[in-house]
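Engineer: Sequence:
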Amino acid sequence: MLATLTAFAITSVARLITGARALWLGCTPQPVQRLYYANHSSHGDFVLIWASLPVELRRRTRPVAGADYWQKPGIRQFLIKRVFNGVLIDRQHADAQSNPLQPVHDALAQGDSLIFFPEGTRNLGDEPLLAFKSGLFHLAAANPQVELIPVWIANLNRVMPKGRALPLPLLCTLSFGEPVQRHADDSKLAFLERARLALLALAPKES
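Residues in the sequence shown are numbered from 1 upward in steps of one, following this note's numbering.
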């Protein structure tokens, strides 16, 4: 009950603070297995994507997050485990023999949809989008049944800039694009660049 109430409060506050609008430009919200991949500039990114999904999709969609940040005992651990049902990955590679993406593969194998950030870390620089890590390619290759949906998050880093306690009154948009296909003859670099450009194409154009 507490987790359900917390989820309702978080989604309501996220929409209120950001005025978030979901723009389904290249797909529609359908109950099919998907991997939503997005640009990453804030710890609130996956919260906004998760909150923007219809309730029936939200129940089966899990964010992929770094264990080093979210696994610490307290409110973070409660939120990621009980509220968001997150998939935690070890970004520190403590065990050199293990695959850090194995929990993600396991979640996809059991039919979950996921929220994934292929840049691998928050982008706090001036570049609109960092180069993608190889994880997206390996997930796509191993799970051809999963739709890859690019999602561009606009303005969240300006609503909650680093070091500011109160949000700024700006509207956020989440643009959901067309599914990106992986072709059998794709090289890793070619696929990652095509996926990156598909995401970048959803970014608002400078006026």
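Among the hints, erroneous ones may be present.
The calculated DMTMM-like cross-link candidates involving lysine to aspartate or glutamate, where the alpha carbons are at most 25 Å apart (straight line), are [to be verified]:
1) Lys-205 <-> Asp-186
2) Lys-133 <-> Asp-68
3) Lys-72 <-> Asp-90
4) Lys-72 <-> Glu-56
5) Lys-188 <-> Glu-56
Listed next, with one range per pair, are the computed distances between beta-carbon atoms [stated by the list, open to error]:
6) Lys-81 <-> Ser-187: 19 to 29 Å
7) Ser-12 <-> Ser-187: 17 to 27 Å
8) Leu-25 <-> Leu-124: 21 to 31 Å
9) Pro-179 <-> Asp-106: 17 to 27 Å
10) Pro-31 <-> Leu-124: 12 to 22 Å
11) Ala-184 <-> Ser-12: 30 to 40 Å
12) Gln-145 <-> Asp-185: 11 to 21 Å
Simulated from the structure, these hints should not be mistaken for lab results.
Note that CB positions come from ideal geometry on N, CA and C, so glycine has one too.
Engineer: Among the hints numbered above, which are violated by the structure, and what are their numbers in rising order?
Structural biologist: 1, 4, 5, 6, 7, 10 and 11
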